[in-house]
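A.B. asks: Sequence:
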Amino acid sequence: MNFIVYEPASGRIVSAGFAANEEQAAMQAAAGLAVLVGAYGLDTTHYVQDGAVAERPAIALVPVSLPIGGQAVPISPPLPPGSVVTTSGGPALMSEAGEVLHIPTSAGAWTYDISPPWPWQPGTITVIVEA
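Here the working numbering is used: position 88 in the sequence shown is 88, and no number is missing along the way.
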């Protein structure tokens, strides 16, 4: 039978596996963790909510195109409060309205990584600057 080991406070999936019975599945959880038997989910896309596996919410990020020297880029839909946006490994300058304020001055594609608070799934948005 499938089982999931998870953190009860957050629902974050720590591991998943298969056991012959419920007792063997229960032995897989260290102190402070819980086991959900008969369930399957991936830690990257699922979590445990109210005793059941649920899909972590995702942000439907849409690529943005703009001309060189364009205005701030609104990220749609708005990001959950507490989200961190990075580009090239460093923080991206963002407005309170969730707009990327630094616009590259040469043509190309720039990738911004979105790290929202738990349980949201992280995402990536591409900003294409056209000559």
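It is worth saying that the hints were derived from the structure and are not from the lab. Note that this is a predicted model, so its numbers are computed, not measured. Any given hint could be a false lead.
[Said to hold, decoys possible] Label-pair ranges, simulated between beta-carbon atoms:
#	residue 1	residue 2	range
1	Ser15	Ala131	44 to 50 Å
2	Gln49	Pro77	17 to 23 Å
3	Asp43	Met1	34 to 40 Å
4	Asn2	Ala58	22 to 28 Å
Ideal Cβ positions, reconstructed from N, Cα and C, are used throughout, including at glycine.
A.B. asks: Compare the structure with each hint and give your call.
C.D. replies: Consistency of the hints with the structure:
no., hint, result
1, Ser15 x Ala131: 44 to 50 Å, "holds (49 Å)"
2, Gln49 x Pro77: 17 to 23 Å, "holds (21 Å)"
3, Asp43 x Met1: 34 to 40 Å, "violated (19 Å)"
4, Asn2 x Ala58: 22 to 28 Å, "holds (23 Å)"
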